[in-house]
Amino acid sequence: MKCLAIAKKDLLLELRSKNMINFMILFSLVTLVLFSYTMSFADLQSIAPSLLWFIFIFVGMLGLSRAFIREKELGTLDGLKIAPIQANSILIGKIIFNLILIYAIQIIIFPLSIIFFDISVKNPFIAFLVLTLGNFGFVVIGSMFSIFIINAKVKELLIPVLFLPIATPLLIVSTIALKKSFEGLVISNEIILIATYIIIMSTIAMLTFDYALEE
Amino acid sequence: MKILVENLTKKFSSVIALENISLSIKEGEIFGLLGPNGAGKTTLIKILATLIKPTSGRVTIDGLDIVKDKHKIREKIGLVSHETYLYEELTARENLEFYAKLYGTEKSVNTFLKKVGLEDKANVLVKNFSRGMKQRLAIARAILHEPEIVLFDEATTGLDIKSRERFYSMIKELRDSGVTIVLSTHHKSEAKLCDRVAYIEKRVLKIGEVHEVLGDS
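These protein sequence lines are chains A and B, in that order.
The numbers in the working numbering rise by one with no breaks, and the one at position 59 of the first sequence is 59.
The numbers in the working numbering rise by one with no breaks, and the one at position 148 of the second sequence is 148.
Simulated from the structure, these hints should not be mistaken for lab results.
Note that CB positions come from ideal geometry on N, CA and C, so glycine has one too.
Careful: at least some of the hints might be erroneous.
25 angstroms max Cα-Cα, derived SDA-like pairs, lysine to any residue [as the list claims (entries may be wrong)]: (1) A:Lys8 to B:Ile143; (2) B:Lys114 to A:Ala5; (3) A:Lys2 to B:Lys68; (4) B:Lys76 to A:Pro84; (5) B:Lys101 to A:Leu157; (6) B:Lys134 to A:Leu74; (7) B:Lys162 to B:Glu201; (8) B:Lys121 to A:Gly75; (9) B:Lys70 to A:Cys3; (10) A:Lys8 to A:Arg70; (11) A:Lys72 to B:Lys162; (12) B:Lys70 to A:Arg16; (13) B:Lys134 to A:Asn88; (14) B:Lys68 to A:Asn88; (15) B:Lys107 to A:Arg70; (16) B:Lys101 to A:Gly75.
Computed footprint of chain A on chain B; a stretch qualifies when at least three of its residues, placed anywhere within it, have a C-beta under 8 angstroms from a C-beta of chain A [as the list claims (entries may be wrong)]: (17) 33-42; (18) 65-79.
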């Protein structure tokens, strides 16, 4: 359970420094307030799923890109690399940490979005499940790409360029699924697609991470 | 031989960092790597620490290949570099507990804090430590899993004379407990701690006992 030690350490560092979580919460709340004041509730009902994903893309990318950059900046990445652990333990540790962050945002933002946007959600449980599943896929891809860019000069700029095209299918299906769940429609096909996508991307991440970690 | 380096070459793109290096290090000795900046000392230490792969040649530790058996080798080595690998926002104890979990060691971190004289600073955030204290904690981190080999890569950079003296006595203690030590340094005073040294400048120029390589000065 060495991955849990890595996730716990990252969580402790984040709770002490609050480098990311404060910005993530602030950005999410400002976006919610901004849209709720500037758009009609009728419009919000139809674009709320896209808006929610818009928030998660931006706050997620901020956190995901920092997962390994912080280790690099602190000079601690080599400390992890020389430990006798599987490289995938590091990746899984980072995924767990990023998931905790993004789910913390999700737990705050999802109920607030229903209140601020005044949207009717026929099946809130399924909508929450879709967000949870979509964010899982989002975090897996983001964590994987954040190691690929670790030695690049423009790390934070490079991650959206690499990440967004790959994540687009997931985001489209997740947005459709979220919209359908708001309307109370069946989304089993979308859930299967998202789950398949996650399995494929997780497999690629596990197979490539060891190579990506090496200089 | 504890460490055997045979015809080792390392290139970074077209830049040759190490060229056809061969040397051997005996069990329990302090072996020094000397040379000017850019001589390839850090590259050699990083290869021994399994952080980078050789371009060609072979390195073995206890007969284990550094590329194929990197996980087994990582259990045998500890690395202290000018980077401490410590998290500034964690306390000394939290740092050691984290690395102890990664190395799967059951020993209490208090033993190691005591060993490096930081038991009274266990609950202080590392960001409040002096450079000397950080390096002492870095040694504790590197020896948590009781490695057979400890690699020191210019680890005394930025230390004052008092901290450096303390550092030297820790190295001697490690040697006395049977640990093999590889020490990369610029300092002649550190080289004198070594049983043997190699003067390298991309390739091994001289190897032998300290007085043979450096003279009697």
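Tested hints:
The hinted pair formed by Lys8 (chain A) and Ile143 (chain B) meets the criterion: a straight-line CA distance of about 22 angstroms does not exceed 25 angstroms. Of the pairs offered as hints, the one joining Lys114 (chain B) and Ala5 (chain A) holds, with about 24 angstroms between alpha carbons and a cut-off of 25 angstroms not exceeded. For the suggested pair Lys2 (chain A) and Lys68 (chain B), the alpha carbons sit about 22 angstroms apart, so the restraint of at most 25 angstroms is met. As the CA atoms of Lys76 (chain B) and Pro84 (chain A) are separated by approximately 9 angstroms, the hinted pair is consistent with the 25 angstroms bound.
Under the criterion of a C-alpha separation no larger than 25 angstroms, the hint pairing Lys101 (chain B) with Leu157 (chain A) is inconsistent with the structure, at around 34 angstroms. Restraint check: the Cα-Cα separation between Lys134 (chain B) and Leu74 (chain A) comes to about 14 angstroms, which is no more than 25 angstroms; the hinted pair holds. Under the criterion of a C-alpha separation no larger than 25 angstroms, the hint pairing Lys162 (chain B) with Glu201 (chain B) is inconsistent with the structure, at around 30 angstroms. The hinted pair formed by Lys121 (chain B) and Gly75 (chain A) meets the criterion: a straight-line CA distance of about 22 angstroms does not exceed 25 angstroms.
Our distance criterion of 25 angstroms between C-alpha atoms is met by Lys70 (chain B) and Cys3 (chain A), whose separation comes to about 19 angstroms. For the suggested pair Lys8 (chain A) and Arg70 (chain A), the alpha carbons sit about 15 angstroms apart, so the restraint of at most 25 angstroms is met. A threshold of 25 angstroms between alpha carbons decides the hint, and for Lys72 (chain A) with Lys162 (chain B) the separation of about 30 angstroms lies outside it, so the pair is violated. Note on Lys70 (chain B) and Arg16 (chain A): the hinted pairing is violated, with a Cα-Cα distance of about 34 angstroms set against a maximum of 25 angstroms.
A distance of roughly 29 angstroms separates the Cα atoms of Lys134 (chain B) and Asn88 (chain A); the hinted pair therefore is violated under the 25 angstroms criterion. For a cut-off of 25 angstroms, the pair hint linking Lys68 (chain B) to Asn88 (chain A) stands: about 17 angstroms separates their Cα positions. Proposed proximity of Lys107 (chain B) and Arg70 (chain A) is contradicted: the alpha carbons are some 29 angstroms apart, above 25 angstroms. Taking the CA atoms of Lys101 (chain B) and Gly75 (chain A), the gap is about 19 angstroms. The hint holds against a cut of 25 angstroms.
For the region 33-42 of chain B, the stated coverage by chain A is not satisfied: 0 residues place a CB nearer than 8 angstroms to a CB of that chain, which falls below the threshold of 3. Counting residues of the region 65-79 of chain B whose C-beta lies closer than 8 angstroms to any C-beta of chain A gives 6; at least three are required, and the coverage claim holds.
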